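Student: Protein chains in written order, with numbering that gives the first Met the number 0: chain A, 0 to 399; chain B, 0 to 399.
In case anyone wonders, no lab produced these hints; they're calculated from the structure.
Bear in mind that the values here come from a model prediction, so they are computed numbers and not experimental data.
Mixed in with the good hints, there may be bad ones.
Label-pair distances were calculated between CB atoms; the ranges are [said to hold, decoys possible]:
| id | chain 1 | residue 1 | chain 2 | residue 2 | range |
| --- | --- | --- | --- | --- | --- |
| 1 | A | 299 | B | 331 | 21 to 27 Å |
| 2 | B | 241 | A | 131 | 56 to 62 Å |
| 3 | A | 286 | B | 79 | 38 to 44 Å |
| 4 | B | 366 | A | 306 | 30 to 36 Å |
Glycine is no exception: its CB is placed at the ideal position from the N, C-alpha and C atoms.
Number of protein chains: 2
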Amino acid sequence: MTPDPARFLSDLHHLRSFGAAGHGVMRRAFSEPDVAAREWLVAQIEAIGLTAHVDPAGNVFGLAKGRSLLIGSHSDTQPEGGWLDGAYGVIAALEIARAAVEAGGPAISMVSFQDEEGRFGALTGSDLWAGRTTLAEADGFAATDGLTFGQARQGLAHLMQEDFVDPARFTGFLEMHIEQGPVLDQVGESVGVVTSIVGLRQIQVTVTGQQNHAGTTPMAMRQDAFQGAARIAGLLNERFANVVTPQTVWTIGHMQLHPNASSIVPGRAVFTIQWRDGDADRLDRMERVIDEVLTDVAAETGMQVEADRLRHDLTPVPMDEGMQAALRAAAEVHAPGRWRSMPSGALHDASNVSHLMPVGMLFVPSIGGISHDFAEDTGEADLVTGLKVLAAAADALAPR
Amino acid sequence: MTPDPARFLSDLHHLRSFGAAGHGVMRRAFSEPDVAAREWLVAQIEAIGLTAHVDPAGNVFGLAKGRSLLIGSHSDTQPEGGWLDGAYGVIAALEIARAAVEAGGPAISMVSFQDEEGRFGALTGSDLWAGRTTLAEADGFAATDGLTFGQARQGLAHLMQEDFVDPARFTGFLEMHIEQGPVLDQVGESVGVVTSIVGLRQIQVTVTGQQNHAGTTPMAMRQDAFQGAARIAGLLNERFANVVTPQTVWTIGHMQLHPNASSIVPGRAVFTIQWRDGDADRLDRMERVIDEVLTDVAAETGMQVEADRLRHDLTPVPMDEGMQAALRAAAEVHAPGRWRSMPSGALHDASNVSHLMPVGMLFVPSIGGISHDFAEDTGEADLVTGLKVLAAAADALAPR
Numbered sequence: 000m001t002p003d004p005a006r007f008l009s010d011l012h013h014l015r016s017f018g019a020a021g022h023g024v025m026r027r028a029f030s031e032p033d034v035a036a037r038e039w040l041v042a043q044i045e046a047i048g049l050t051a052h053v054d055p056a057g058n059v060f061g062l063a064k065g066r067s068l069l070i071g072s073h074s075d076t077q078p079e080g081g082w083l084d085g086a087y088g089v090i091a092a093l094e095i096a097r098a099a100v101e102a103g104g105p106a107i108s109m110v111s112f113q114d115e116e117g118r119f120g121a122l123t124g125s126d127l128w129a130g131r132t133t134l135a136e137a138d139g140f141a142a143t144d145g146l147t148f149g150q151a152r153q154g155l156a157h158l159m160q161e162d163f164v165d166p167a168r169f170t171g172f173l174e175m176h177i178e179q180g181p182v183l184d185q186v187g188e189s190v191g192v193v194t195s196i197v198g199l200r201q202i203q204v205t206v207t208g209q210q211n212h213a214g215t216t217p218m219a220m221r222q223d224a225f226q227g228a229a230r231i232a233g234l235l236n237e238r239f240a241n242v243v244t245p246q247t248v249w250t251i252g253h254m255q256l257h258p259n260a261s262s263i264v265p266g267r268a269v270f271t272i273q274w275r276d277g278d279a280d281r282l283d284r285m286e287r288v289i290d291e292v293l294t295d296v297a298a299e300t301g302m303q304v305e306a307d308r309l310r311h312d313l314t315p316v317p318m319d320e321g322m323q324a325a326l327r328a329a330a331e332v333h334a335p336g337r338w339r340s341m342p343s344g345a346l347h348d349a350s351n352v353s354h355l356m357p358v359g360m361l362f363v364p365s366i367g368g369i370s371h372d373f374a375e376d377t378g379e380a381d382l383v384t385g386l387k388v389l390a391a392a393a394d395a396l397a398p399r
Numbered sequence: 000m001t002p003d004p005a006r007f008l009s010d011l012h013h014l015r016s017f018g019a020a021g022h023g024v025m026r027r028a029f030s031e032p033d034v035a036a037r038e039w040l041v042a043q044i045e046a047i048g049l050t051a052h053v054d055p056a057g058n059v060f061g062l063a064k065g066r067s068l069l070i071g072s073h074s075d076t077q078p079e080g081g082w083l084d085g086a087y088g089v090i091a092a093l094e095i096a097r098a099a100v101e102a103g104g105p106a107i108s109m110v111s112f113q114d115e116e117g118r119f120g121a122l123t124g125s126d127l128w129a130g131r132t133t134l135a136e137a138d139g140f141a142a143t144d145g146l147t148f149g150q151a152r153q154g155l156a157h158l159m160q161e162d163f164v165d166p167a168r169f170t171g172f173l174e175m176h177i178e179q180g181p182v183l184d185q186v187g188e189s190v191g192v193v194t195s196i197v198g199l200r201q202i203q204v205t206v207t208g209q210q211n212h213a214g215t216t217p218m219a220m221r222q223d224a225f226q227g228a229a230r231i232a233g234l235l236n237e238r239f240a241n242v243v244t245p246q247t248v249w250t251i252g253h254m255q256l257h258p259n260a261s262s263i264v265p266g267r268a269v270f271t272i273q274w275r276d277g278d279a280d281r282l283d284r285m286e287r288v289i290d291e292v293l294t295d296v297a298a299e300t301g302m303q304v305e306a307d308r309l310r311h312d313l314t315p316v317p318m319d320e321g322m323q324a325a326l327r328a329a330a331e332v333h334a335p336g337r338w339r340s341m342p343s344g345a346l347h348d349a350s351n352v353s354h355l356m357p358v359g360m361l362f363v364p365s366i367g368g369i370s371h372d373f374a375e376d377t378g379e380a381d382l383v384t385g386l387k388v389l390a391a392a393a394d395a396l397a398p399r
């Protein structure tokens, strides 16, 4: 089977027109442009000769007959999103499924999941399909404007079927996506074969000191919550050094001081510590380092240091070995010497789908590492290379 | 002359009744309780036989005949203030002026300045008297609720005179105040003779890094603005060590990260650095350390680090040597071994008055260092000791 790069790029730019905003796209889940884009996808699926199935979550499937390999991603965007994000993987799946039909095989189905970008939940469409959330729960999820998922999905009621697609139809799932990070772009490579989607843990730390006048309180009598937070940040950098790999990341991205006034010694600092790695054992070891640092800073400063888990942990999701091997082989054919194996630092629908079947993922570069921004882009040659690698791997993996 | 502790405490509790709120007081400048309190003060002044003079700023003077020593503070409070703050110094001045009249000398006048707590400006009443702001400027100052100083001061129009009191009437100014810090309380002493009101400098620092996805951006490729800010805080602590005294303070009290989200590497951190000391040369040396630290962190991290002055510097204000000597001598009589010389870390009306005449200040302990809070308090024995020390020093300093 031979995907057609020109047809693929044409479709990719057509999808971009739904919600186009300058270089970027505004196509949140169940917005008018999103509904229009899904109607257009259904028409493309039917034109290929696949069976369209829009499930109660708004996920749009194009189903081959019998057992098949599923390929896809998501076509909803952030409020001010890039034009490629999930759209790239959806249109690549459409083109490969079409090429497979034209070639008389193999059996390839496609999907565009809904609300990956979390207007209502987080990865809501694949979450529902994987049975990790019930429709009754999801219907209560509210967007920041108050609209619920239950109300919003009525916008696709005219296309929806009552049932979800049976996952047993599929032998596995391949997702292609832009990297959304700087690695491939900086090293000048075209393709990344994903080894795992990293796990994530996050705590909220509260340092409670003593709010005081910033003029009348001598340094030796202070319990300054910001100084405690800065000390924690410094010690984490030192003590993580022996635990992490170059792929491990940790972030203090949110901080709130109280009362947050220039003339008052901060009495309280609340901040998040988030850490990600592909290895659950390493996440554990990092958590022990964090616990020690918090305990040590509390002892050293006399302040109260408390940690609360903010959300469910995300367990690392290893990609299927056979699928990685097929992607590596295809990458070496179509991008010899210009690909690498790498973890995915971002979460993807493939995480949810991994609970149903083997999954594999492929990355192409994000120029400057930019994503979730109108400026998001990838060179056209890389977009086409990704399509060819994905098609070759799908050809090797899909049932006949 | 002999001040009467019982009469003094009675008056102090009477002033407390204007705007009383539990243990504390709510008596903002020109609020109904503040106007009522100033009407009451005028009545007390006239009952003593001094001449009341309410100036256009709302400052209430009780004037002795001829050249006199001025004593006082302010009777407005924070929105949720303590009962002593400036009120203590105002009622002590009232009692000492009364005792002087009763004794037939020396010549002592008193004052309650207006809006020391900055409902409209900052130390607005003494600022206007010292000619550091014009009435036309001050009339435009607006409270957070939109009320202007010009509108608010109409509340005292029925008592106001058109002119300010001529500062040349006074040989000097003594202000007694609660410490508003923990030092005297922690060391168990009753009186502090103020050596200087510390100077204050403040800058706002902006660290500009690169906003990135907290999962997909390897640590080595990050420009994390919070990490830059934490590094600056740590280096300041190290490098100030050789420059400061135990009385020097510095504070990072306000910080804002952007976009301040747990899953995003902060692209920008904006925070204040404020430092205070009684010695202008030391303030200079600290500023050079800060400049070096900012330059070094910019070089080390590749991030942009900019500093802006947020407000006018406050120059350290040394207290008059003769007045300090009189206060020390009086302290040794009425609180032998239980007093110390110390700087004032907080700003006071005496700073403004120092531009007009020699000034001196006396502190009594704040229990737990607490001020600007309903819980603010001082032991009654210390309140009386302060009164006696102040009266003895005034007796020695005032013209006859």
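Student: Evaluate the given range 30 to 36 Å for the C-beta pair formed by residue 366(B) and residue 306(A).
Tutor: For residue 306(A) against residue 366(B), whose Cβ atoms are near 33 Å apart, the range 30 to 36 Å holds.
Student: A range of 56 to 62 Å was offered for this pair. Does it hold for the Cβ distance of residue 241(B) and residue 131(A)?
Tutor: 58 Å, holds
Student: Honestly, do residue 299(A) and residue 331(B) meet the 21 to 27 Å range at C-beta?
Tutor: 40 Å, violated
Student: Does the Cβ-Cβ separation between residue 286(A) and residue 79(B) fall within 38 to 44 Å?
Tutor: 41 Å, holds
In this structure, only the earlier hint numbered 1 is contradicted, and the remaining ones agree with it.
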